[in-house]
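Q: So the sequence lines, in the order shown, correspond to chains U and H. Counted from 1, the first sequence has number 242 at position 242 by our numbering; the numbering is strictly sequential. Counted from 1, the second sequence has number 320 at position 320 by our numbering; the numbering is strictly sequential.
Hints may be right or wrong, so weigh each one.
Stated by the list, open to error - Below are the DSBU-like pairs computed for lysine-lysine, each with C-alpha atoms no more than 35 Å apart in a straight line: (1) U/232 - U/257; (2) U/66 - H/516; (3) U/232 - H/516; (4) U/343 - U/257.
Think of the hints as simulated: they come from the structure by calculation, not from any bench. Please read these numbers as outputs of a predicted model, since none were measured by experiment.
Number of protein chains: 2
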Amino acid sequence: MTAPLLGTSFIGYSRSSGTQVCGQGVNPGTGEKLAPAYLGATPDEVERAVALAAAAFPIYADLSGKARAGFLRAIAAGIEAAVEEIAARGPQETGLPEGRMRGETGRTTGQLRMFATLLEEGSWVDARIERAQPDRQPAPKPDLRSMLRPLGPVAVFCASNFPLAFSVAGGDTASALAAGCPVVVIAHASHPGIAEIVATAVVAAARETGMPEGVFSLLYGGGRMVGQAVVKHPVIQAVGFTGSRTAGMALMDTAAKRPQPIPVYAEMSSVNPVVILPGALARGEAALAEAYYGSLTLGVGQFCTNPGLVFLPEDRGDEFLARLKTLVETGAPGTMLNASICKAYAAASDVFASAPGVQTLARCASPAAPGQGAPVVFTVSIRDFMANDSLQGEIFGPGALIVRGGVAAIEASIATLEGQLTATVHATESELTACASLVFALQQRAGRLIFNGFPTGVEVCSSMVHGGPFPATSDGRSTSVGTLAIYRFCRAVAWQSFPQAALPAELQDLNPLGIKRME
Amino acid sequence: MTAPLLGTSFIGYSRSSGTQVCGQGVNPGTGEKLAPAYLGATPDEVERAVALAAAAFPIYADLSGKARAGFLRAIAAGIEAAVEEIAARGPQETGLPEGRMRGETGRTTGQLRMFATLLEEGSWVDARIERAQPDRQPAPKPDLRSMLRPLGPVAVFCASNFPLAFSVAGGDTASALAAGCPVVVIAHASHPGIAEIVATAVVAAARETGMPEGVFSLLYGGGRMVGQAVVKHPVIQAVGFTGSRTAGMALMDTAAKRPQPIPVYAEMSSVNPVVILPGALARGEAALAEAYYGSLTLGVGQFCTNPGLVFLPEDRGDEFLARLKTLVETGAPGTMLNASICKAYAAASDVFASAPGVQTLARCASPAAPGQGAPVVFTVSIRDFMANDSLQGEIFGPGALIVRGGVAAIEASIATLEGQLTATVHATESELTACASLVFALQQRAGRLIFNGFPTGVEVCSSMVHGGPFPATSDGRSTSVGTLAIYRFCRAVAWQSFPQAALPAELQDLNPLGIKRME
Chain U
1 MTAPLLGTSF IGYSRSSGTQ VCGQGVNPGT GEKLAPAYLG ATPDEVERAV
51 ALAAAAFPIY ADLSGKARAG FLRAIAAGIE AAVEEIAARG PQETGLPEGR
101 MRGETGRTTG QLRMFATLLE EGSWVDARIE RAQPDRQPAP KPDLRSMLRP
151 LGPVAVFCAS NFPLAFSVAG GDTASALAAG CPVVVIAHAS HPGIAEIVAT
201 AVVAAARETG MPEGVFSLLY GGGRMVGQAV VKHPVIQAVG FTGSRTAGMA
251 LMDTAAKRPQ PIPVYAEMSS VNPVVILPGA LARGEAALAE AYYGSLTLGV
301 GQFCTNPGLV FLPEDRGDEF LARLKTLVET GAPGTMLNAS ICKAYAAASD
351 VFASAPGVQT LARCASPAAP GQGAPVVFTV SIRDFMANDS LQGEIFGPGA
401 LIVRGGVAAI EASIATLEGQ LTATVHATES ELTACASLVF ALQQRAGRLI
451 FNGFPTGVEV CSSMVHGGPF PATSDGRSTS VGTLAIYRFC RAVAWQSFPQ
501 AALPAELQDL NPLGIKRME
Chain H
1 MTAPLLGTSF IGYSRSSGTQ VCGQGVNPGT GEKLAPAYLG ATPDEVERAV
51 ALAAAAFPIY ADLSGKARAG FLRAIAAGIE AAVEEIAARG PQETGLPEGR
101 MRGETGRTTG QLRMFATLLE EGSWVDARIE RAQPDRQPAP KPDLRSMLRP
151 LGPVAVFCAS NFPLAFSVAG GDTASALAAG CPVVVIAHAS HPGIAEIVAT
201 AVVAAARETG MPEGVFSLLY GGGRMVGQAV VKHPVIQAVG FTGSRTAGMA
251 LMDTAAKRPQ PIPVYAEMSS VNPVVILPGA LARGEAALAE AYYGSLTLGV
301 GQFCTNPGLV FLPEDRGDEF LARLKTLVET GAPGTMLNAS ICKAYAAASD
351 VFASAPGVQT LARCASPAAP GQGAPVVFTV SIRDFMANDS LQGEIFGPGA
401 LIVRGGVAAI EASIATLEGQ LTATVHATES ELTACASLVF ALQQRAGRLI
451 FNGFPTGVEV CSSMVHGGPF PATSDGRSTS VGTLAIYRFC RAVAWQSFPQ
501 AALPAELQDL NPLGIKRME
């Protein structure tokens, strides 16, 4: 894994022969351009990648879960073997520290192995068997059996803020490959080198484990050109995306306008409200402010679960605010992922700063160098908040808005919030019980509810829900993290009166895979 | 249940005071108008029905499964008690025979009780519990628990072809109510009286079991006016529909253009291909033709699963065709559901009859009276079929197209078909194994595969899939029949670090409901 980066797309097992430069890595801290220049996939190459995925699909979909698990484990091993390359290249391309690169590598390989374990166990397919009752009156009951089957080839878009865990071999790819869907990945312009390192590992794993060519391709050239072409292609049956609301909604629009509309799983925009009740303040305002500040500024605030909106009782919390003010003012700016995110952060902060009734509680005193984002916290009354929908917008970065109001007004305000990935309550247990209707309102608007904690740090496990009503995600019935993510790329199929030999192993009488079934 | 029909909408527990007539029942066989005239819901009443649903939602969603099951069972009992009224009114409004009315009443009450049983057992919520690991390195693992929760108020459109099983208290309503979602039903203009009889039973059951007002409303006034207004309303969180492709796509479009897009489960259009291989013909062509004719003409062909497209080997099947010809020619026309379906059937038949290369194999010799549809069967070569996409269109009624070709050409043709609810293969077991790639191609395009049978007669059970890729349904990941239908109206929610008392019973340590969980 010490081959030099080539700067070209992966079209199945071949490398692109494109000649047009579409971009290259840029160090967001220094502005330095990083070799090599990346060549965009040509329209013919896009077509070829998709055609290979279509040809691979019947073969890949019918492999055993164990065979697909072997592929996922080989990818994980290959990425692990490349961790030094990732740790070297990643910080240059993303501004993220080396430790984060190593940690995110571990999360990514962990995700792949989690899905491998799910496949090896095998019961996830929800096999259901109802045997024939030929003598039933008034009509015989036929033999009916159902299980989940893969949708078909899937388009996956890499995310800027998770160059590994939500990119080439991240959660979307891992869950789609686990489901039995070939994947065509569209690289993010922000970290083309990490994408190439990881894709090299994926392709090597595919070859090594005998996967059909086309089970994976990686295309450079950007979401607007190459990405839209892939999403429009009739072969593609679903889309995974993490990124901005604008880009996600453009994909939703394209998918809805296809002759055959397809599902889009876009994780887009969330401000992750935090409701602080008096009892939580009574436990110690300064400590709460410190914990909150840590979550707000983690990763320079560039997480989907960043808690950017706080509801604070209007008649208390002075010490919380004072401590938060000090932390923000004495905090440090951080290098953001790329120049456009940095610019958008500054612009969103300016919109908030100049909105009616909004006060700036604190700004980081250290000046932000080019490419950096600095913490900032605003406050506003709940009346002014409710009068201005734009204050529900996301400040992607370490910026927050604190809304002051009475508990009843807070509850009324929550009923007007858009959909969120997470919602958090800081309270005593008795307050939590007393404000059940407020908690229900939060539940209606979020995929995950957190008590006395913070939403950053998304656990990858079977009970995680990293989704939520629109616009947090395009499809609030889905999660992009955890084992439930596999269900995005499946649908149930029923077999009626089929002979044993023609049934999938999961549905045969003898249950050769030994899985749990409904029968 | 012998009160006269009032001809007004049900706005929660009140009856509409609308004054504008929107239509009335018409006997499709005689053209006779049936009293009473029906009054359309006013915009204020639509608003009130939706507002009541919104107010009912937090209460209804938090009822126990057993309480919701009691409601469903009370609805079933109420509909059963009204079976004589249904059997009297139904044939007048729909042209369907009395026996069908009684049978469909049984199917409808059976569906309601099936969901009640699912709720009483309780494990369907997919409860997942992962306990905290405070000492885990490098970071503690929080307590995380997830389960399915209802989406919110749902709009349900009644279908013309199932005045009970896919209408006021049909599968969409039963599954949405089971999930915990209040339902606003939009009546179908074709059977307003049956709708009123059933709605009366639903409202009585809601009162009797102490459900919150607004858990159910029934609106008259049509899909285009009242229906669109309901689907656009921000309170509504999902839509269930069975009907034409045009109407279903209009709802998809409206839902996609909302500020918050919502899922639409529209079951629309399917021609349900039947592939006949030589071995099946060798078993007896005449018997196969008779069985096929029975399925094609059942209910005057007005089923979503009507097998309207047959692939037959080009070099055999003469006796199959000869027998089918006789059956069609000596068959009887039947009264169709309403005048517009009858007109559309005649128009679609004419399009097929005049398409290039299409021959009319047989037409029913008895003349069709006004309101009737008569069987007709066309044949076409596979080359002409593949050259003309319009031949993939649905003839809603007892009309079929038989495509003649070689097995390889049939397989190639299947790869070009649109999505279907069902796909059927008639073959020997060894042929089925030998043509695995053909079966895989069918599987990719259908929700249910049938071997040596016919698709009509949809079993209501746990392993039924009555869905399929677009345009069979708007969302090919869903089914509108069977217990899996409940999952259309849910999403997973996770609770992180919540105290026991604030968790749903399904997720509490003590498992007070005794359900199966992942833990």
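Q: Work down the list of hints and note, for each, if the structure agrees.
A: To see whether the hints hold, each was checked on the structure:
With a CA separation close to 9 Å, the supplied pair residue 232 of chain U and residue 257 of chain U stays within the 35 Å bound. Proximity of residue 66 of chain U to residue 516 of chain H is assessed by CA-CA distance (about 26 Å); at most 35 Å being required, the pair is judged to hold. Under the criterion of a C-alpha separation no larger than 35 Å, the hint pairing residue 232 of chain U with residue 516 of chain H is inconsistent with the structure, at around 42 Å. A hinted pair counts as satisfied when its Cα atoms are at most 35 Å apart, and residue 343 of chain U with residue 257 of chain U qualifies at roughly 32 Å.
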